[in-house]
Amino acid sequence: MPTAIEAHELSKKYQLGEMQAAYGTLRESLSHAASRLAGREHRAGGKQEIWALRDVSFQVPEGQVLGVIGRNGAGKSTLLKVLTRITTPTSGRVEIRGRVGSLLEVGTGFHPELTGRENIYLNGSILGMKRREIDQRFDAMVEFSGVERFIDTPVKRYSSGMYVRLAFSVAAHLEPEIMLVDEVLSVGDAEFQRRCLGRMEELGSAGRTVLFVSHALSAIAQLCDRALQIDGGTVVQDGAPAEVIANYLHQTHSAGVERVWPSEDAAPGDDLAKVMAVRVLPHEGMPPGIMDVRRPIGIEIVFRVLRRGKPVFPKIKVLDRESTVAFNAMDTDERWHEPTPPGEYAATAWIPGNLLNEGAVSGEVAICSLDFPKLEHHAAVYEAVSFEVLDPGEGDSARGAFGGQWKGVVRPLLEWTVEPDPISR
Amino acid sequence: MSQSKLEIPAPAPHSSRPATDSDDRVDRLVVIRPARRWPHLDVSELWHFRELLARLVWRDVSVRYKQTFLGVAWAILVPVFTAAVYVVIFGKFAQFPAGEKNTAYPSLVLAGVLPMQYFASALTGSSMSLASNLQLVTKVYFPRTLLPLGSVIVPLVDFIVGLPVLIALMWHYDTWPNGAQVLLAPVFILLAMVTVLGLGFLFSAVNVRYRDVRYMIPVFLQVLPLLSGVMYAVEAIPTKWQWVLAFNPMTAVIAGWRWAVLDAATPNLGQTAVGVGVGLMLFVVGLAVFRSSEPRFADTI
Numbered sequence: 014m015p016t017a018i019e020a021h022e023l024s025k026k027y028q029l030g031e032m033q034a035a036y037g038t039l040r041e042s043l044s045h046a047a048s049r050l051a052g053r054e055h056r057a058g059g060k061q062e063i064w065a066l067r068d069v070s071f072q073v074p075e076g077q078v079l080g081v082i083g084r085n086g087a088g089k090s091t092l093l094k095v096l097t098r099i100t101t102p103t104s105g106r107v108e109i110r111g112r113v114g115s116l117l118e119v120g121t122g123f124h125p126e127l128t129g130r131e132n133i134y135l136n137g138s139i140l141g142m143k144r145r146e147i148d149q150r151f152d153a154m155v156e157f158s159g160v161e162r163f164i165d166t167p168v169k170r171y172s173s174g175m176y177v178r179l180a181f182s183v184a185a186h187l188e189p190e191i192m193l194v195d196e197v198l199s200v201g202d203a204e205f206q207r208r209c210l211g212r213m214e215e216l217g218s219a220g221r222t223v224l225f226v227s228h229a230l231s232a233i234a235q236l237c238d239r240a241l242q243i244d245g246g247t248v249v250q251d252g253a254p255a256e257v258i259a260n261y262l263h264q265t266h267s268a269g270v271e272r273v274w275p276s277e278d279a280a281p282g283d284d285l286a287k288v289m290a291v292r293v294l295p296h297e298g299m300p301p302g303i304m305d306v307r308r309p310i311g312i313e314i315v316f317r318v319l320r321r322g323k324p325v326f327p328k329i330k331v332l333d334r335e336s337t338v339a340f341n342a343m344d345t346d347e348r349w350h351e352p353t354p355p356g357e358y359a360a361t362a363w364i365p366g367n368l369l370n371e372g373a374v375s376g377e378v379a380i381c382s383l384d385f386p387k388l389e390h391h392a393a394v395y396e397a398v399s400f401e402v403l404d405p406g407e408g409d410s411a412r413g414a415f416g417g418q419w420k421g422v423v424r425p426l427l428e429w430t431v432e433p434d435p436i437s438r
Numbered sequence: 016m017s018q019s020k021l022e023i024p025a026p027a028p029h030s031s032r033p034a035t036d037s038d039d040r041v042d043r044l045v046v047i048r049p050a051r052r053w054p055h056l057d058v059s060e061l062w063h064f065r066e067l068l069a070r071l072v073w074r075d076v077s078v079r080y081k082q083t084f085l086g087v088a089w090a091i092l093v094p095v096f097t098a099a100v101y102v103v104i105f106g107k108f109a110q111f112p113a114g115e116k117n118t119a120y121p122s123l124v125l126a127g128v129l130p131m132q133y134f135a136s137a138l139t140g141s142s143m144s145l146a147s148n149l150q151l152v153t154k155v156y157f158p159r160t161l162l163p164l165g166s167v168i169v170p171l172v173d174f175i176v177g178l179p180v181l182i183a184l185m186w187h188y189d190t191w192p193n194g195a196q197v198l199l200a201p202v203f204i205l206l207a208m209v210t211v212l213g214l215g216f217l218f219s220a221v222n223v224r225y226r227d228v229r230y231m232i233p234v235f236l237q238v239l240p241l242l243s244g245v246m247y248a249v250e251a252i253p254t255k256w257q258w259v260l261a262f263n264p265m266t267a268v269i270a271g272w273r274w275a276v277l278d279a280a281t282p283n284l285g286q287t288a289v290g291v292g293v294g295l296m297l298f299v300v301g302l303a304v305f306r307s308s309e310p311r312f313a314d315t316i
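Residue numbers (the numbering used here), protein chains in the order written: chain A, 14 to 438; chain B, 16 to 316.
Some hints could be false.
Below, in silico cross-link-like pairs of lysine to aspartate or glutamate (EDC-like), each with a Cα-Cα straight-line distance of 20 Å or less [what the hints assert, rightly or not]:
1) K143/A to D314/B
2) K387/A to D283/A
3) K255/B to E66/B
4) K323/A to E297/A
5) K169/A to D75/B
6) K26/A to E62/A
7) K143/A to E60/B
8) K81/B to D68/A
9) K26/A to D314/B
10) K26/A to D346/A
11) K81/B to D165/A
12) K330/A to D244/A
13) K387/A to E357/A
14) K323/A to E271/A
15) K420/A to D333/A
16) K26/A to E75/A
17) K154/B to D227/B
18) K330/A to E271/A
By construction, these hints were calculated from the structure, which means they are not laboratory data.
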């Protein structure tokens with residue numbers, strides 16, 4: 014299979030001072046010059062270089078959908094800027110076979126004084142279309158945008174919705190061989206992002222080469238054939254999306270999957286109960302802390318009851334990334350109805366598979382007793398554990414084959430019943 | 016707006032893509048490599064993007080007089096008004112010399128004002144071209160040289176619209192060109208274009224970082240007509256000063272253009288050569304500065 018994109022030891026260097034002096038005015042540049050004259054050594058020391066990309070090499074075969082992930086500032090956007098030729102590399106080279114499109118450029122160069130018709134031609138040329146191609150697709154673009162009636166009206170009189178539809182329509186008819194999508198940069202409403210994702214999915218399934226930069230890991234897992242992780246300007250991982258994502262999450266994951274207290278004195282709790290350890294039971298075949306959304310997740314609480322006093326029982330509280338409480342749960346089994354005998358217990362709470370949504374999840378644990386009508390906490394550990402729920406994108410989870418944004422604290426896999434349609438019966 | 020309108024057309028499979036000409040980018044292998052800093056023009060790439068150039072020029076031309084009451088009439092009014100003021104002040108009051116051949120002063124002045132007006136518009140437009148197309152520069156690729164280049168083509172339209180006024184004056188004062196030398200007239204306009212493109216490259220690149228250019232250019236343009244012989248014939252001033260003014264390419268442009276279209280005094284060949292030399296040098300220097308700062312445009316603009 015021929016190669017669509019071939020990057021060879023691509024590097025891009027930025028000078029830090031450059032960014033600050035970016036927007037000069039007369040006064041600034043004069044004071045700048047003055048300070049330069051006054052303290053030359055200042056300037057020599059202040060020139061810092063940043064390698065946004067360093068020796069990045071990879072190949073993308075034609076028709077592959079490649080996802081690029083990485084932290085903010087890892088170099089993802091710089092890579093895309095180099096590939097779209099908005100900026101030039103400092104060294105290295107890239108060979109690109111085929112026309113490149115990026116949804117970054119939607120509406121680029123639209124001129125408010127020109128009519129819709131004129132802007133289609135202008136924008137089309139800017140995106141690299143030949144006049145003939147625009148002629149051929151003109152009717153389709155107009156129809157798709159739904160602004161037929163206003164096609165000869167200056168776009169400054171358009172509503173913003175019409176404007177965006179017309180702009181998107183031109184970009185959507187570009188039909189590039191290679192599509193570069195930066196979800197991070199494509200600001201815009203959710204509607205727009207959804208369209209971008211949809212467009213990308215279609216191009217991907219039509220056999221076009223797609224390079225997709227995103228923070229939406231589930232979308233990457235779902236849509237991509239392969240994933241790259243960039244960190245500090247270099248490619249640190251290259252492989253199957255699920256694997257790359259799992260490793261990436263593991264690196265970025267800060268809070269622990271396990272907390273153990275070495276002694277009773279150090280352990281949290283009162284004179285009745287102490288929490289000795291909390292851990293998230295690992296999923297087989299996944300790195301610690303990365304949980305398959307479809308499988309039950311076990312949170313084990315090891316606690317000691319120091320004396321026979323009250324009936325105590327373990328409780329967990331599960332929170333999502335925004336610290337929204339997903340749910341509280343406690344063990345209501347009969348075994349905790351009598352005053353609990355002293356000793357060490359290991360209780361595991363099983364969160365069902367297909368319940369929590371993807372993303373970072375944290376858990377709080379507590380050992381409680383019921384002091385009607387209140388719940389008395391004998392031992393409590395806030396942010397005891399955290400883990401990342403990942404959808405490997407195999408199509409059998411609650412999101413099915415959908416790769417876009419999936420909102421909600423929980424995302425249960427529901428059972429659906431459908432009455433037979435009376436007409437077809 | 017019905018929801019169904021928001022669906023995206025299914026991309027056509029590869030095979031059904033309409034056939035395109037051989038130089039279409041679809042089949043092009045693009046190699047991205049570090050920017051070359053030496054002052055090259057990359058004509059083959061400019062040629063490849065000729066449609067975009069035409070489209071950008073067309074945009075600027077069609078937007079130029081939008082939402083003005085007098086519209087394209089401004090292209091005539093501005094030089095006519097300027098020339099009229101010069102004729103009254105310098106011709107009537109100050110009795111400026113009309114040159115060796117004593118060409119009718121109004122013809123002489125308008126023949127100077129038109130190229131100067133072109134130069135002024137082209138310089139302003141091209142110097143601002145990168146900054147005013149910020150959105151394009153930061154979002155899509157095309158040769159950046161296209162922007163200053165387009166901006167020196169746009170005011171040619173005004174120049175051509177103003178020509179009938181000059182022709183009318185030539186008819187009125189009977190200052191017709193002397194045969195074949197009129198064919199050289201475009202060459203002098205070309206010299207103006209090359210010079211202003213060089214300055215456009217230079218200033219547009221500088222303007223990316225320092226927006227001082229915006230304030231500098233009007234001052235420059237106020238002085239320039241005085242140093243280019245717009246309101247006098249350059250051969251009428253002391254020879255020593257003629258050679259000083261020769262370093263301004265616009266002096267050569269205006270003297271040559273007057274000679275070609277009005278049959279005014281033949282320009283001094285040596286002085287013209289100096290003007291051409293300076294014009295070419297400005298072009299190369301401007302392009303060199305443009306190329307050396309080009310890699311940073313998108314990052315610093």
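Here's how the hints hold up against the structure:
no., hint, verdict
1, K143/A to D314/B, "violated (29 Å)"
2, K387/A to D283/A, "holds (17 Å)"
3, K255/B to E66/B, "violated (47 Å)"
4, K323/A to E297/A, "violated (37 Å)"
5, K169/A to D75/B, "holds (16 Å)"
6, K26/A to E62/A, "holds (7 Å)"
7, K143/A to E60/B, "holds (15 Å)"
8, K81/B to D68/A, "violated (50 Å)"
9, K26/A to D314/B, "holds (11 Å)"
10, K26/A to D346/A, "violated (62 Å)"
11, K81/B to D165/A, "holds (15 Å)"
12, K330/A to D244/A, "violated (34 Å)"
13, K387/A to E357/A, "violated (25 Å)"
14, K323/A to E271/A, "violated (28 Å)"
15, K420/A to D333/A, "holds (12 Å)"
16, K26/A to E75/A, "violated (29 Å)"
17, K154/B to D227/B, "violated (24 Å)"
18, K330/A to E271/A, "holds (16 Å)"
When the structure is compared with the earlier hints, violations turn up for hints 1, 3, 4, 8, 10, 12, 13, 14, 16 and 17 and for no others.
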